[in-house]
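Visitor: Going down the list, the protein sequences come from chains G and F. Every number in this note's numbering is 43 more than the matching position in the first sequence, counting from 1. Every number in this note's numbering is 43 more than the matching position in the second sequence, counting from 1.
If you are wondering where the hints come from, they were derived from the structure by calculation, not from laboratory data. Some hints here could point you the wrong way.
Claimed, not checked - Some chain G residues well away from chain F (every beta-carbon gap over 10 Å; in silico):
id, residue
1, Pro97
2, Arg125
3, Gly182
4, Pro213
5, Thr275
6, Arg301
Stated by the list, open to error - A short list of chain G residues far from chain F (calculated; beta carbon distances all over 10 Å):
id, residue
7, Thr69
8, Ser150
9, Gly159
10, Pro160
11, Ala176
12, Gly181
13, Asp228
14, Ala262
15, Gly281
As the list claims (entries may be wrong) - Here are a few chain F residues that face chain G, going by a calculated C-beta distance under 10 Å:
id, residue
16, Arg214
17, Leu246
18, Thr275
19, Arg293
20, Arg301
Backbone N, C-alpha and C define an ideal beta-carbon position, used for all residues, glycine too.
There are 2 protein chains.
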Amino acid sequence: MTAGHPFDTDTEVASVGGGRHTATLTDRWTALTGAPNGGYLLAVCLRALGRAMPYPDPMVVSATFVRAARPGAADVHTEVVRTGKRVATGQARLVQGDTEAVRVVASFSDLREAAGPTMVLDRPPTLPPPEKAVDPLGGASIPGITIADRIEYRTADKPGWLSGAPNGDPRAEFWMRFREPRDHDLFALAMLVDAASPAVMELGASGAATLQLTVHLRAHPAPGWLACRAATRYLIDGHHEEDFEIWDSRGALVAQSRQFALLR
Amino acid sequence: MTAGHPFDTDTEVASVGGGRHTATLTDRWTALTGAPNGGYLLAVCLRALGRAMPYPDPMVVSATFVRAARPGAADVHTEVVRTGKRVATGQARLVQGDTEAVRVVASFSDLREAAGPTMVLDRPPTLPPPEKAVDPLGGASIPGITIADRIEYRTADKPGWLSGAPNGDPRAEFWMRFREPRDHDLFALAMLVDAASPAVMELGASGAATLQLTVHLRAHPAPGWLACRAATRYLIDGHHEEDFEIWDSRGALVAQSRQFALLR
Chain G
44 MTAGHPFDTD
54 TEVASVGGGR
64 HTATLTDRWT
74 ALTGAPNGGY
84 LLAVCLRALG
94 RAMPYPDPMV
104 VSATFVRAAR
114 PGAADVHTEV
124 VRTGKRVATG
134 QARLVQGDTE
144 AVRVVASFSD
154 LREAAGPTMV
164 LDRPPTLPPP
174 EKAVDPLGGA
184 SIPGITIADR
194 IEYRTADKPG
204 WLSGAPNGDP
214 RAEFWMRFRE
224 PRDHDLFALA
234 MLVDAASPAV
244 MELGASGAAT
254 LQLTVHLRAH
264 PAPGWLACRA
274 ATRYLIDGHH
284 EEDFEIWDSR
294 GALVAQSRQF
304 ALLR
Chain F
44 MTAGHPFDTD
54 TEVASVGGGR
64 HTATLTDRWT
74 ALTGAPNGGY
84 LLAVCLRALG
94 RAMPYPDPMV
104 VSATFVRAAR
114 PGAADVHTEV
124 VRTGKRVATG
134 QARLVQGDTE
144 AVRVVASFSD
154 LREAAGPTMV
164 LDRPPTLPPP
174 EKAVDPLGGA
184 SIPGITIADR
194 IEYRTADKPG
204 WLSGAPNGDP
214 RAEFWMRFRE
224 PRDHDLFALA
234 MLVDAASPAV
244 MELGASGAAT
254 LQLTVHLRAH
264 PAPGWLACRA
274 ATRYLIDGHH
284 EEDFEIWDSR
294 GALVAQSRQF
304 ALLR
């Protein structure tokens with residue numbers, strides 16, 4: 044938590060009892076559709092759910108996006124499903140008016156207490172150092188896509204689709220970090236896995252509607268830039284997955300996610 | 044549906060009104076722990092939820108395994124979250140006594156109505172034809188692991204761990220099908236993604252406890268053997284993902300899944 048940081052301010056929830064929490068969704072995390080980004084909504088849900096969980100760390104998180112949300116007041120209803128010895132599971136539903144926008148089931152644990160073997164069979168992204176990489180947006184703001192004002196990106200080369208020439212390859216590696224300085228915690232990672240442009244933009248897509256997002260949080264990230272890898276391998280009748288990995292500045296995998304999305 | 048087939052009989056639910064369905068879990072789908080396999084429990088949940096959904100096909104399915112289930116009576120409580128023009132979303136909770144064992148959120152659609160571009164960037168598994176491949180169990184039954192009596196497996200070579208010599212590589216390709224003949228539908232695929240031994244057995248693990256399983260159903264499978272690919276790439280402090288793909292006899296990807304599991 045960083046006092047006054049937009050991520051902390053804009054995901055803040057107030058508990059009003061009975062598992063109900065109030066939140067105010069802002070217009071500072073909007074993506075291609077102009078609606079608040081799914082990862083941002085997920086972070087709001089996790090902050091509410093975190094208050095009811097006896098363990099500090101979201102570990103495996105599944106979000107189903109039922110309807111688009113809009114900036115303004117929202118309620119988050121939380122339910123504790125089970126509290127076990129090392130893992131607790133709960134559900135959060137983000138509701139605006141009478142309609143549910145997002146349903147999250149998440150298991151929390153204490154990742155610092157995890158003990159077991161480690162074997163990492165893939166490598167972090169291969170990227171030039173952030174200070175030698177390209178700002179794909181060239182420092183410009185994109186009207187309506189306010190999430191790009193919150194997050195900085197760095198790429199080896201300018202993405203083809205951003206120059207109007209999609210390169211046909213729905214795989215990308217890049218750096219990300221908060222634009223206003225703040226360490227990335229697990230709640231931020233759950234938002235960041237959804238904070239880059241869809242990999243299918245390089246296939247000429249104009250966007251993707253995410254139906255479902257599952258995030259595995261693997262470790263607390265070290266401070267600094269995050270190395271990211273996004274890929275779509277199977278686009279079938281417009282349906283596709285997007286796999287996403289976040290590696291921290293020590294070269295440790297800290298988050299892994301998969302979305303199910305429909306091509307717009 | 045095949046009259047009298049164990050998969051149909053053992054996933055049958057009876058609706059008793061108010062979104063409540065009764066089921067009887069059998070001991071014919073037990074895995075390493077002796078408890079009913081997670082994929083089997085998921086199929087029971089999806090059959091109950093399918094009755095409440097206006098579309099026939101489970102498309103994206105997320106299951107959280109809260110507690111082990113046991114053979115015997117169970118209730119499945121279903122809730123329709125949203126019915127949209129092409130996608131409907133619901134929740135199912137499998138409960139035994141007073142305790143919840145599985146919570147599923149799933150979106151249904153009509154996959155035959157899906158329209159959009161297709162681009163497949165990876166290949167089906169490379170396997171010898173099933174009739175030239177090895178039955179890894181050598182036709183034997185494994186006491187307690189009744190799911191292996193329901194499903195046939197074929198591999199290029201006998202897996203190392205089954206001979207007491209784990210080969211150190213948590214990736215596997217193999218054929219699967221129902222042992223008693225029955226076409227594989229989408230409900231069967233949602234079970235089958237969880238019906239092979241964990242990929243981490245080749246690392247010398249004695250098993251894995253699945254906390255969460257997300258399945259993307261991509262297309263109705265053609266009849267015949269199913270070519271499967273399982274892999275774990277990131278084992279960190281005992282936590283790991285298992286990715287699973289099922290390709291049908293035409294060479295089409297029909298299901299893709301990821302689990303989050305803890306090493307036993």
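Visitor: Now tell me if each hint is right for this structure.
Guide: Hints, one by one, checked against the model:
{"no.": "1", "hint": "Pro97", "verdict": "holds (15 Å)"}
{"no.": "2", "hint": "Arg125", "verdict": "violated (5 Å)"}
{"no.": "3", "hint": "Gly182", "verdict": "holds (33 Å)"}
{"no.": "4", "hint": "Pro213", "verdict": "violated (7 Å)"}
{"no.": "5", "hint": "Thr275", "verdict": "violated (8 Å)"}
{"no.": "6", "hint": "Arg301", "verdict": "violated (6 Å)"}
{"no.": "7", "hint": "Thr69", "verdict": "holds (24 Å)"}
{"no.": "8", "hint": "Ser150", "verdict": "violated (6 Å)"}
{"no.": "9", "hint": "Gly159", "verdict": "violated (2 Å)"}
{"no.": "10", "hint": "Pro160", "verdict": "violated (6 Å)"}
{"no.": "11", "hint": "Ala176", "verdict": "holds (25 Å)"}
{"no.": "12", "hint": "Gly181", "verdict": "holds (29 Å)"}
{"no.": "13", "hint": "Asp228", "verdict": "holds (17 Å)"}
{"no.": "14", "hint": "Ala262", "verdict": "violated (6 Å)"}
{"no.": "15", "hint": "Gly281", "verdict": "violated (2 Å)"}
{"no.": "16", "hint": "Arg214", "verdict": "holds (8 Å)"}
{"no.": "17", "hint": "Leu246", "verdict": "holds (7 Å)"}
{"no.": "18", "hint": "Thr275", "verdict": "holds (8 Å)"}
{"no.": "19", "hint": "Arg293", "verdict": "violated (13 Å)"}
{"no.": "20", "hint": "Arg301", "verdict": "holds (6 Å)"}
The structure fails hints 2, 4, 5, 6, 8, 9, 10, 14, 15 and 19 (numbered hints given earlier, in ascending order).
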